[in-house]
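Trainee: First to last, the protein sequences are chains A and B. Residue numbers are given in full-length UniProt numbering: position 67 of the first sequence equals residue 67, and the series is strictly consecutive. Residue numbers are given in full-length UniProt numbering: position 30 of the second sequence equals residue 30, and the series is strictly consecutive.
One or more of the hints may lead you astray.
Claimed, not checked - Below are the DSS-like pairs computed for lysine-lysine, each with C-alpha atoms no more than 27 Å apart in a straight line:
1. 206(B) <-> 93(A)
2. 270(B) <-> 206(B)
3. 170(B) <-> 117(A)
4. 93(A) <-> 191(B)
5. 279(B) <-> 117(A)
Unchecked claim - Computed beta-carbon distance windows for the label pairs:
6. 23(A) <-> 108(B): 51 to 61 Å
7. 161(B) <-> 66(A): 42 to 52 Å
8. 70(A) <-> 99(B): 34 to 44 Å
9. 238(B) <-> 23(A): 33 to 43 Å
10. 157(B) <-> 15(A): 32 to 42 Å
11. 109(A) <-> 84(B): 21 to 31 Å
12. 120(A) <-> 157(B): 39 to 49 Å
Treat the hints as calculated values from the structure; they're not laboratory data. Quick caveat: nothing in here was measured; it's all calculated off a predicted structure. Cβ atoms here follow ideal geometry from the backbone N, Cα and C, with glycine treated the same way.
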Amino acid sequence: MKKILIVEDDADFQDIYKQRLTDEGYQVQHAYVGKQALEMLKGSKPDLILLDIMLPGGMNGFDILEQVKANNDLKAIPVIVLTNLDGEAKTAKEIGAVDYIVKANTSLDEVVAKIKKTIP
Amino acid sequence: MSDQITLDGYKELVKKHLDILTPIFAKASIGDFTSTLEIPDDSEEFVQLYAGIQIMLEVIRDQLAQLNRENQIKTEFLMLAAHQLRTPLTTMRWNIEAILASKQGLVSDELRRNMERLHSGNLKMINLINDLLNITRIEEQKHEEQFRVVDPVETINQIIKEQDPLIKRKKISVKVLPENTTMPKVMTSPKYFYETVLNLLVNAVKYNKPNGQVIIKIEERALRLLITVQDTGIGIPDNEKDRIFTQFFRGQKATQQEAEGTGLGLFLVKSFIDRFGGKIWFESKEGVGSTFFVDLPIIAKPQEISETLDK
């Protein structure tokens with residue numbers, strides 16, 4: 001069973017990710033803020049990280065992405081940025097995100113399709 | 001000195017000061033209030049005039065700066081509000097989609113119809129917010145817009161690829177002419193060029209007939225690039241033709257065929273093109289189709305080309 005770590009501060013988003021991705025047969029882990037996500041990544045490694053950008057706690061999605069990509073144990077894990085902030089796709093991909101999805105402009109089916117394409 | 005001045009001497013003095021002041025007023029008349037004045041020491045009469053102009057310029061500068069600050073705050077607030085609004089709208093969208101995707105029998109037909117209407121209203125709100133963000137961005141980037149070298153053919157092909165799901169769903173064939181061509185690159189804002197082509201292509205696909213066609217033509221004409229987007233769609237009725245570039249306007253037939261839409265697309269396209277130094281117009285026949293023409297200068301801003309080349 002493939003494991004996905006979702007870094008997302010909004011509880012409604014977390015619920016719907018969990019519901020849908022569990023239905024799709026993924027094992028889902030949640031982190032609300034960057035510090036918690038990095039702590040969890042010290043344990044068992046997920047197959048994919050879904051990462052929000054605007055996060056509380058002094059660490060935004062770009063900071064997390066930079067730390068993941070700078071860490072030899074973690075840098076191979078694909079990261080999909082899922083955010084409602086647009087215009088930052090180039091920055092995210094330069095740091096190493098495999099995809100950049102603006103939530104509002106994407107259906108949940110399309111999100112799932114992109115996840116399946118990234119970790120077949 | 002002023003007691004003995006001759007008429008000729010006085011004329012000369014006036015002329016000298018007018019030569020200093022005229023360029024300052026000329027600059028001010030085109031919105032440049034940055035001039036500074038040196039108070040003259042050759043005539044007391046002019047000291048007061050110079051001091052008055054200096055104070056006037058300072059007051060205008062202060063007020064403009066204040067206005068810019070207020071505008072900036074307003075823009076930032078609007079951007080923040082729009083981004084924040086997208087979050088609950090997306091959770092609504094995804095939850096509605098989850099309900100609509102649930103197994104047959106779990107959701108009654110009536111509830112499904114209600115949900116579909118909810119979904120359509122939700123998507124309309126998301127589109128409105130996206131357009132609002134676009135308008136706000138135009139305001140914000142007025143002074144810091146980045147002009148870059150853009151490859152029009154590459155951008156057009158990229159957009160067609162990205163819009164493939166919509167094109168397939170509407171069963172439209174999209175053709176770019178001439179095929180496999182390279183065209184001169186354009187100096188323009190990559191984002192606005194992209195938005196322009198995207199809007200015209202999406203319109204041509206959405207307001208087309210089933211199994212219809214869209215032809216995008218690219219031609220070079222004496223340092224200008226002419227892009228033509230032709231469709232075989234519903235066309236624009238004569239009584240709507242003069243309004244299609246106005247804000248929030250949507251054609252009657254267009255609204256019937258496609259419930260979603262904000263009436264901001266072509267308004268935005270026109271404001272982008274006006275700022276490229278380009279032109280946009282169309283020809284259309286109801287029931288036959290529409291053709292939109294975009295005429296862009298190949299070199300939009302020479303000084304920015306040299307800046308880009310320097311980098």
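Trainee: Please verify whether residue 206(B) and residue 93(A) have alpha carbons no more than 27 Å apart.
Mentor: Cα-Cα ~31 Å, so violated.
Trainee: Taken at face value, is the distance from the CA of residue 117(A) to the CA of residue 279(B) at most 27 Å?
Mentor: violated, 41 Å
Trainee: Compare the distance between the alpha carbons of residue 170(B) and residue 117(A) with 27 Å, and conclude whether the hinted pair is satisfied.
Mentor: It holds: about 24 Å lies between the C-alpha atoms, which stays within 27 Å.
Trainee: When you take the CB atoms of residue 120(A) and residue 157(B), is the distance between them in 39 to 49 Å?
Mentor: Distance hint for residue 120(A), residue 157(B) is violated at roughly 27 Å.
Trainee: Within 27 Å, alpha carbon to alpha carbon, are residue 270(B) and residue 206(B)?
Mentor: holds, 19 Å
Trainee: So does residue 238(B) sit 33 to 43 Å from residue 23(A), Cβ to Cβ?
Mentor: violated, 52 Å
Trainee: Does the Cβ-Cβ separation between residue 161(B) and residue 66(A) fall within 42 to 52 Å?
Mentor: violated, 30 Å
Trainee: Can you confirm whether the C-alpha distance between residue 93(A) and residue 191(B) stays at or below 27 Å?
Mentor: holds, 17 Å
Trainee: Holds or violated: the 34 to 44 Å window for the beta-carbon distance between residue 70(A) and residue 99(B)?
Mentor: holds, 42 Å
Trainee: Go ahead and decide if the range 21 to 31 Å is satisfied by the Cβ distance of residue 109(A) to residue 84(B).
Mentor: Holds: the Cβ-Cβ distance is about 25 Å, inside 21 to 31 Å.
Trainee: Take a look at whether the Cβ-Cβ distance between residue 23(A) and residue 108(B) falls inside 51 to 61 Å.
Mentor: violated, 22 Å
Trainee: Does the Cβ pair residue 157(B), residue 15(A) satisfy 32 to 42 Å?
Mentor: holds, 39 Å
Comparing the model with each numbered hint stated earlier shows that hints 1, 5, 6, 7, 9 and 12 do not hold.
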